[in-house]
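2 protein chains.
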Amino acid sequence: MEILIKQEVLKGALQNLIPVIDKSSAKPILSNFLMRTIPDQNMVEFLATDHELSLIERFPAEVRAEGSMCVNARKMYDISKEFVEEEVRIQSTEQLWIHVSCGKSQLRLPSVDVGLYPQTLVEDLSGKVSISTNDLKRAIDMTLFAAQTNESRRNLMGVNLSAKSGATRWLATDGHRLAQILISVDSLEMGDVEDVIIPRKALGEVRRSLELFGERVDVSFDERVMQFSGENIVYKTRLIEGKFPNCDPIIPKDNALICSLDRERLMNSLRIVSSISAEKLRPVKLTLSSGKMLLESEKTDYGEVSDELQVEYASEDFQIGFNSRYLMDVLSVMEEENVKLEFKNPMSPTVIRDVEKDDFLSVIMPLRIEW
Amino acid sequence: MEILIKQEVLKGALQNLIPVIDKSSAKPILSNFLMRTIPDQNMVEFLATDHELSLIERFPAEVRAEGSMCVNARKMYDISKEFVEEEVRIQSTEQLWIHVSCGKSQLRLPSVDVGLYPQTLVEDLSGKVSISTNDLKRAIDMTLFAAQTNESRRNLMGVNLSAKSGATRWLATDGHRLAQILISVDSLEMGDVEDVIIPRKALGEVRRSLELFGERVDVSFDERVMQFSGENIVYKTRLIEGKFPNCDPIIPKDNALICSLDRERLMNSLRIVSSISAEKLRPVKLTLSSGKMLLESEKTDYGEVSDELQVEYASEDFQIGFNSRYLMDVLSVMEEENVKLEFKNPMSPTVIRDVEKDDFLSVIMPLRIEW
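Protein chains in written order, with this note's numbering: chain A, 1 to 371; chain B, 1 to 371.
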């Protein structure tokens, strides 16, 4: 194999691959990436996988000899990003040494037998969703924060995708809070499955790389795997096995105490009131009365803080506690100027929505507050 | 004590104090700062110390009742930076509670008896140097990188200041490399001392806060302490006890093999050639021949890298090794386009200078290379 490739292209390709590469050294083969020429096209394919998530990218290059190679991704990236000349020449030898040169810079790296690297095949899968890049960005941003981060319940460590009234429903929960967004798409075909659970890492990587997809992303899946495809890029991930819980009964339908207020101002007050707390989840008490919301920290030896906000609220006086971390998480991904909090009582889940748009909602369990 | 102070001013004042505050929790009193009104002036003084380094700042405020208070710096900062209204009211009570309010935000913090907080007095000291802020910045940047970071030789953990031919000499070394800069100043009075050793932390903090000093910094010192004074700011630090080694014999005078080259290009090549190394100090071999410098990494199972640079060099062919980390450190603080390397032989210290200016030099011990 021998190619000439632009330094910027090589650097970009490797930069995308690095986060997919397995960080643990348990399987040394996974610290490598695979590069191969596409027959009869002046293109090379880059491939990295950690067995769960794979990335396949194609970039233009001048192919002088067809072939493939498998080489350490981190080393190749660390060096190629420093190259100053425009063009990089990469050549493999029969002795499994890779020669790389750029201007006067010369590099010789050991490589691995290509046959040892796990294969990733792009498949034709029966589930298909075509979604605009912007909508996919929103689907991920508005739900991923609520997915579980620890391994105690693996089926909650991702975002649940299903169909609802002809739209896609994206849903995540960690048992303390839930986030759901409904997004209409041009075409939606669930194939043989009712719903799937997409792992956090895959969504995080796709989100980070969205600008590589162009305007649309073709999502395809079956009960095992999901592919996110653009013109010259495919992320393929295993799906999380297991059943996602039915969250519909948890989403309150009749919360009648409704308060709307400025989102940024609420975030600012939460930061003020929670800043003194030594606890990780930073409990805060909200007291609602006509037109006003009082926020208070617990009174401790370390001190106490309170803040007061103008709000739209005309129902009965009412008091409720929350982990302010959970409120902050959802408020910080929302985009509108005003948000609506819908309460029922101090023990029941509270709903947070945009005031204008109704495609998104988040549910947060309150915190029992005895101060 | 009761004052009204601008939120921006309070936030800025605390932001400066935070890095001085002791990070360890060994002495809880040192997590606090002291604030006191200046009698008959609408000014407040902020003071923080870790016993080694102290910062005293003065800012305008509306003083409603004279007094002083001592309160947790981190908490006060975390909250006050979130305040949105312009003016903050701070009031102490006899029960040692501090009341802080800004708009509708209310805060109550416990405070500490002011008498328990260590005093820092600004003194009149016999050693005096008046230096422009820009020159002090250069003095610190061009030397501090070479000071020792570990405790094995405490007398090397700072920058040595002395007088040489009417100028100030700033010098640091860790035994492997040395950096020295001579800076002319308007007034220079060493008082009762020949030289002093200024600790790393003090220089780092002064460097970070230089824009608060205005155009000049008045440095004053005796054998125990040093003060860096601006109009409304003073850093006071203990000096490092002990004798700084006489470095003059180490600085080569007759290195005759002279090579000059582009500084950025050399840094780039060092990054390329050292990027493959698994060792922390990243050894590199330089081979000089007429007009050329070849840089090579060690040949290992992990691969090998080389790069070649155009240089001005007309002496005999010559080979020498270095820890590329040490070369990078000095090259990255230098400012000119071209640098000069002065060699004698592969075992002797090498000198690095600017091609134009002659006020700075760095000396690096070569590395015995057997490949």
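Read the hints as simulated data drawn from the structure, not as lab findings.
As the structure is a prediction and not an experimental result, all values here were calculated from the model.
Fair warning: there could be bad hints in the mix.
No more than 30 Å apart at the CA atoms, straight line, and that leaves these computed lysine-lysine pairs for DSS-like [what the hints assert, rightly or not]: (1) A:81 - A:23; (2) B:292 - B:164; (3) B:23 - A:299; (4) B:11 - A:285.
A few chain B residues that face chain A, going by a derived Cβ cut-off under 7 Å, partial list only [as the list claims (entries may be wrong)]: (5) 111; (6) 268; (7) 278; (8) 304; (9) 307; (10) 308.
Every residue, glycine too, gets a C-beta built ideally from N, C-alpha and C.
Results of checking the hints against the structure:
Under the criterion of a C-alpha separation no larger than 30 Å, the hint pairing residue 81 (chain A) with residue 23 (chain A) is consistent with the structure, at around 20 Å. Pair hint residue 292 (chain B) plus residue 164 (chain B) does not hold up; C-alpha atoms about 37 Å apart against a cutoff of 30 Å. Between the alpha carbons of residue 23 (chain B) and residue 299 (chain A) the distance comes to roughly 26 Å, so the proposed pair stays at or under 30 Å and holds. Proposed proximity of residue 11 (chain B) and residue 285 (chain A) is supported: the alpha carbons are some 26 Å apart, at most 30 Å.
With a least beta-carbon distance of about 9 Å to chain A, the hint placing residue 111 (chain B) at the interface is violated under the 7 Å criterion. Evaluation of the residue 268 (chain B) hint against chain A yields a held restraint, the C-beta minimum of about 6 Å falling below 7 Å. Because the beta carbon of residue 278 (chain B) sits about 10 Å from the nearest beta carbon in chain A, more than 7 Å, this interface hint is broken. Because the beta carbon of residue 304 (chain B) sits about 5 Å from the nearest beta carbon in chain A, less than 7 Å, this interface hint is met.
Given hint, residue 307 (chain B) at the interface with chain A, holds; its Cβ is 4 Å from that chain's nearest Cβ, closer than 7 Å. At a threshold of 7 Å, the smallest CB-CB gap from residue 308 (chain B) to chain A is about 4 Å, leaving the interface hint in force.
In terms of the numbered hints stated before, the structure departs from hints 2, 5, 7, listed from lowest to highest.
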